[in-house]
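One line per chain: the protein sequences are A and B, in this order. So in numbering that gives the first Met the number 0, spot 87 of the first sequence is number 86, and the numbers just go up one at a time. So in numbering that gives the first Met the number 0, spot 307 of the second sequence is number 306, and the numbers just go up one at a time.
Derived by calculation from the structure, the hints in this document are not laboratory data. Cβ atoms here follow ideal geometry from the backbone N, Cα and C, with glycine treated the same way. Honestly, I wouldn't trust all of these hints.
To be verified - Partial chain B-side listing against chain A, Cβ under 8 Å, derived: (1) VAL109; (2) GLU247; (3) GLU322; (4) ASN325.
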Amino acid sequence: MAGSDIALSPAAETSLPIMSRLHELVVTVDHKKLGLMYISSALFFFAVAGLLASAMRMQLALPNNNLVGPGTFNRLFTMHGTSMVFLFGMPMIAGLMNYLVPLMIGARDMAFPRLNAFGFWMFLFGGLVLYSSYLTGPGLAGAGSAPDVGWFAYSPLTGQAFSRGHSTDYWTVGLLVAGVGSIVSAINVIATVVSLRCKGMTLMRMPLFVWLNVVAAAMIIFALPPLSAAQIMLLLDRFLGARFFNTQAGGSAVLWQHFFWIFGHPEVYILMIPGWACASEIIPVFSRKPIFGYPIMVAATVTIGFISVSVWAHHMFAVGMSPMANSFFAISTMLVGIPTGIKIFNWLATMYGGKIRFELPMLFCIAFLFQFLIAGLTGIMLSVAPFNWQLTDSYFVVAHFHYVLIGGLAFTIFAAIYYWYPKAMGRMLNKKLGLWHFWLFLIGFNLTFGPQHIAGILGMPRRIYTYDPGRGWELYNMLSSIGVIFQGAGILCFVINLLWSVRRGEPAGDDPWDAWTLEWSTTSPPPDYNYETLPEVRSRRPLWDLKHPEDPDWKYE
Amino acid sequence: MKKITRSAFGIASVVFIATTFLVAPGFAADAPTTVTNIFKPLSTPAQAIHEVSLLALAICAGIFLVVAGLLAYIVFRFRERPEDEGREPPQVYGSNQIELAWTVIPILIVFVLFLATARTIYDVQGAAPPTDALNVTVVGHQWWWEIRYPNLGIVTANELHVPVSEAGQRRPTFLKLESADVAHSFWVPQLAGKTDVIPNRENRMWIEPTQPGTYVGNCAEYCGMQHAHMMLRVIVHSAEEFTKWVAEQKQPPADDPQTRAGRDVFFTTACINCHGIRGTPAMGTFGPDLTHLMSRETLGAGTVANTAEKLRDWVRNPQTIKEGCNMPNMQLTETELNQIVAYLVTLK
Numbered sequence: 000m001a002g003s004d005i006a007l008s009p010a011a012e013t014s015l016p017i018m019s020r021l022h023e024l025v026v027t028v029d030h031k032k033l034g035l036m037y038i039s040s041a042l043f044f045f046a047v048a049g050l051l052a053s054a055m056r057m058q059l060a061l062p063n064n065n066l067v068g069p070g071t072f073n074r075l076f077t078m079h080g081t082s083m084v085f086l087f088g089m090p091m092i093a094g095l096m097n098y099l100v101p102l103m104i105g106a107r108d109m110a111f112p113r114l115n116a117f118g119f120w121m122f123l124f125g126g127l128v129l130y131s132s133y134l135t136g137p138g139l140a141g142a143g144s145a146p147d148v149g150w151f152a153y154s155p156l157t158g159q160a161f162s163r164g165h166s167t168d169y170w171t172v173g174l175l176v177a178g179v180g181s182i183v184s185a186i187n188v189i190a191t192v193v194s195l196r197c198k199g200m201t202l203m204r205m206p207l208f209v210w211l212n213v214v215a216a217a218m219i220i221f222a223l224p225p226l227s228a229a230q231i232m233l234l235l236d237r238f239l240g241a242r243f244f245n246t247q248a249g250g251s252a253v254l255w256q257h258f259f260w261i262f263g264h265p266e267v268y269i270l271m272i273p274g275w276a277c278a279s280e281i282i283p284v285f286s287r288k289p290i291f292g293y294p295i296m297v298a299a300t301v302t303i304g305f306i307s308v309s310v311w312a313h314h315m316f317a318v319g320m321s322p323m324a325n326s327f328f329a330i331s332t333m334l335v336g337i338p339t340g341i342k343i344f345n346w347l348a349t350m351y352g353g354k355i356r357f358e359l360p361m362l363f364c365i366a367f368l369f370q371f372l373i374a375g376l377t378g379i380m381l382s383v384a385p386f387n388w389q390l391t392d393s394y395f396v397v398a399h400f401h402y403v404l405i406g407g408l409a410f411t412i413f414a415a416i417y418y419w420y421p422k423a424m425g426r427m428l429n430k431k432l433g434l435w436h437f438w439l440f441l442i443g444f445n446l447t448f449g450p451q452h453i454a455g456i457l458g459m460p461r462r463i464y465t466y467d468p469g470r471g472w473e474l475y476n477m478l479s480s481i482g483v484i485f486q487g488a489g490i491l492c493f494v495i496n497l498l499w500s501v502r503r504g505e506p507a508g509d510d511p512w513d514a515w516t517l518e519w520s521t522t523s524p525p526p527d528y529n530y531e532t533l534p535e536v537r538s539r540r541p542l543w544d545l546k547h548p549e550d551p552d553w554k555y556e
Numbered sequence: 000m001k002k003i004t005r006s007a008f009g010i011a012s013v014v015f016i017a018t019t020f021l022v023a024p025g026f027a028a029d030a031p032t033t034v035t036n037i038f039k040p041l042s043t044p045a046q047a048i049h050e051v052s053l054l055a056l057a058i059c060a061g062i063f064l065v066v067a068g069l070l071a072y073i074v075f076r077f078r079e080r081p082e083d084e085g086r087e088p089p090q091v092y093g094s095n096q097i098e099l100a101w102t103v104i105p106i107l108i109v110f111v112l113f114l115a116t117a118r119t120i121y122d123v124q125g126a127a128p129p130t131d132a133l134n135v136t137v138v139g140h141q142w143w144w145e146i147r148y149p150n151l152g153i154v155t156a157n158e159l160h161v162p163v164s165e166a167g168q169r170r171p172t173f174l175k176l177e178s179a180d181v182a183h184s185f186w187v188p189q190l191a192g193k194t195d196v197i198p199n200r201e202n203r204m205w206i207e208p209t210q211p212g213t214y215v216g217n218c219a220e221y222c223g224m225q226h227a228h229m230m231l232r233v234i235v236h237s238a239e240e241f242t243k244w245v246a247e248q249k250q251p252p253a254d255d256p257q258t259r260a261g262r263d264v265f266f267t268t269a270c271i272n273c274h275g276i277r278g279t280p281a282m283g284t285f286g287p288d289l290t291h292l293m294s295r296e297t298l299g300a301g302t303v304a305n306t307a308e309k310l311r312d313w314v315r316n317p318q319t320i321k322e323g324c325n326m327p328n329m330q331l332t333e334t335e336l337n338q339i340v341a342y343l344v345t346l347k
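Chain A extracted, bound-state conformation (with noise of 0.2 Å):
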């Protein structure tokens, strides 16, 4: 472990004045730095988000509670589900492709790396927009303070004649201002990917993280501007007397629905695809057995990609299309099950005939694969256009993308960040908390919203701040409270680990995980350069190859 010594060296930098490193945090163009940015930033709105959360169970754990009143209870469901999306997921995958791209494919930074800082720049600030409403929201109007239109924001509710003031300003201004950072970060992933590879880097012996990675980004291209667009459209409709969305002057509301979820289907994707590129590195490097079927995961993922633009309307079951419709937006979100399951069974299949290393990064990935079975399959229930009829805008549904997004996602990002955090800090994440962390969270994720199925299929809608006792919603809530309790303790923990490790963990050396990645090739954390001389690659596996010259990868594929 000869870098070792050099993965110390950034404790040199420390002793600089505090001034100086901030400024240096300022200007930095560097991607690795700028990665960290996105992925510490975002895991603060991710805390954030959470506790909004829990303000919202403790709410909810008994009927008729009065803890918060109606009023705050929508503020606090709308900047929950805004900040998951567009301050957490956005940036943390941002964070993750930014920081491991370049590493990945043998380059020395970004192909633009001042759009790159600019990308950064405009999430924070779009964010900072956002909630600077909860200081400056009510205005001259009067009304309101952070925006309480739900994360979807639905018109005619955020038309001018029902929501007075400027909250509903913020969150599209915030957005609009943060949509475009995402934007410039995907064409720059996709430049880099296109124009920067290190010699012998074919398009298919990238990593599969920069496949997906790659696919993820076209997707932002697609489906961002348009939401861009209907936001300002409502921009025109609230300050120009525009009429798109105003009901009362002839607008459409459905327009707005068509428009917002022609995003919002393929933001899902856009959200998991980079889950599944982490778990797409990490399930074989523990497994300690190549991917299986790699270009059929690779034609998997472009095929969700180009799926996920043409399953839409399935957020509007209800909102009263002919049966045609319906039944076009069925088949075609049955369609996406095919390749996700295909990727699940390649997962499994890797791990058929392994040995299966138990560290942490693994355990995230076992419970990710548990979790995220639940959720697709709940997913092709809701996929079923009646049954969706009942279930949607239920708990039920709250519970399916919850399944996704952090039975799914986060444990997928957290599996990311246990393994790649002694890449990018030299130093490992301390094993005992990490495993507090993954059972308290584990058990906290599903006590939290399993039952939260069963109130859904029970009758309870979404977005109540409230209900009344004898509708047997009780015991499911109650225990969806206590869920969170476990969940706090768990994120306790791992916020712990990540500020104690920094100084104290165990020194990581260049490759701890016998990995098989160019990013492991170089020192932990890797100089500003990356590579002293850009790599050459044979195979899928160029570490692989060098450890194993008596069996290397490029005889095979």
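Chain A is already provided as a structure; the job is to place chain B on it using the hints.
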């Protein structure tokens, strides 16, 4: 450690399957309850949905058992053992035959599920109303339901009264859904799936309850401050009772000389800007029609029971009962309040 992983998955699978099957079967339910389980349908469209749902649930449960079982087996069987130290397993890169198998089988499953789905969609959405079907217009408001019977000349609120449908004599109710302000959604789980109620748009749905009783439901689309208190009641009567209810609702409003004082207060304050009482100068349409106010079970769209006492609290200051609702505190004096409530309770 490994052992714990294993047993945790075992327990989790058992819990998931058990809950799935406990909730799933449609136990022969014979009366509506306040626990609105979608798997206890009591109406034709809800029953059609229930049947395709059971198929979807069975398929998903089957897939869950196979895949979760496989995952548990793999995690157990292929865990690293101490004697494996330093040795790598055989490196396998893939197999096109196997990939083909797990592509084709899901395609077949999707095909079957889609056919069943499409059939149910057309059955429910394409049903034509029989000639003696009851037609009702439901208008969503922030945060209450206006219910109009265009052929019967009845206007009421929050409680939809319909006849029961029997094997010999089907009496389904066809609803026209409109909204006066923002998007809402009409959802009474035991009677039908939900249909959104969208301004500037006319949606249709139908119900055909097979058991008399009171069915509860909620607005299911977020519609602002008091979305939680926008509840629905569908009261299903036998044929005779329904005729009787219609006759009662057609009666002109009570006009007891003893409550004239309250009536005068009502007609000379802003009450009439929003509320209507049939055949009187009160013709407001922003709030619920009060012609037969006391025939309804609740106030504030299911917020509190409709008793004289609660009604008094409501008229004094509705904001204490349903914060944010569109009826303001009218700043009535105690005398006016007593007079108005004395009048309102006669509107049976």
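Each hint, compared with the structure:
Using the Cβ-Cβ criterion of 8 Å, the hint placing VAL109 (chain B) at the interface with chain A is satisfied: the shortest such distance is roughly 5 Å. Violation of the interface hint for GLU247 (chain B) is found here, the shortest Cβ-Cβ separation to chain A being roughly 28 Å, above the 8 Å cut-off. Annotation: interface hint on GLU322 (chain B) holds; nearest CB of chain A at approximately 6 Å, less than 8 Å. Given the 8 Å rule on beta carbons, the hint for ASN325 (chain B) is violated: about 11 Å separates it from the nearest Cβ of chain A.
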